[in-house]
Amino acid sequence: MLHVHITEFTGTKYPKAKHRFTLTGSPFMAVAGLWREAVGNKPPTFTMLTTDPGPDVAPYHNRQVVVLQPDNWAAWINLTKPEAELLRPLPAGSLSVETVRPESS
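Each residue of the sequence shown is one higher than the last, beginning at 0 in numbering that gives the first Met the number 0.
It is possible that some hints are incorrect.
[Said to hold, decoys possible] Pair ranges (Cβ atoms, derived):
| no. | residue 1 | residue 2 | range |
| --- | --- | --- | --- |
| 1 | 95 | 70 | 17 to 25 Å |
| 2 | 41 | 91 | 21 to 29 Å |
| 3 | 8 | 77 | 32 to 40 Å |
| 4 | 19 | 74 | 20 to 28 Å |
| 5 | 68 | 19 | 30 to 38 Å |
| 6 | 87 | 45 | 18 to 26 Å |
| 7 | 45 | 74 | 13 to 21 Å |
| 8 | 99 | 37 | 31 to 39 Å |
| 9 | 48 | 15 | 36 to 44 Å |
Read the hints as simulated data drawn from the structure, not as lab findings.
Note that CB positions come from ideal geometry on N, CA and C, so glycine has one too.
Work out the full structure: start from the sequences and follow the hints.
Here you go:
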């Protein structure tokens, strides 16, 4: 699943602060996910996998979606690396964060 960015919200007042995360050095990012084709009367479904927050996300949320580095995109699709190696937070500095809406005062 490709995204341009992921978004997290913080704060206790509405509207909450909104933060945009992008993959440093890349115009878009891939998020690890699973899908199931439609079967009988069950529609197709998908889910994005989450993990503990990495150092870039931890100040904003207690978990994060699994963002794959570009060199691991094919490994996720083709199952050529162990899942444990791919399903983990990225190192510090991998995600850039921008606050696009501060918390209401």
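Status of the hints after comparison with the structure:
1. 95 - 70: 17 to 25 Å: holds, 18 Å
2. 41 - 91: 21 to 29 Å: violated, 41 Å
3. 8 - 77: 32 to 40 Å: Between residue 8 and residue 77, where Cβ atoms are some 34 Å apart, the hint holds.
4. 19 - 74: 20 to 28 Å: 26 Å Cβ-Cβ, so the 20 to 28 Å window holds.
5. 68 - 19: 30 to 38 Å: The hinted range 30 to 38 Å is violated for residue 68 and residue 19, with Cβ atoms some 19 Å apart.
6. 87 - 45: 18 to 26 Å: holds, 21 Å
7. 45 - 74: 13 to 21 Å: At roughly 19 Å between Cβ atoms, residue 74 and residue 45 fall inside 13 to 21 Å, so the hint holds.
8. 99 - 37: 31 to 39 Å: holds, 36 Å
9. 48 - 15: 36 to 44 Å: The hinted range 36 to 44 Å is violated for residue 48 and residue 15, with Cβ atoms some 24 Å apart.
Taken one by one, the earlier hints fail for this structure at numbers 2, 5, 9, listed in ascending order.
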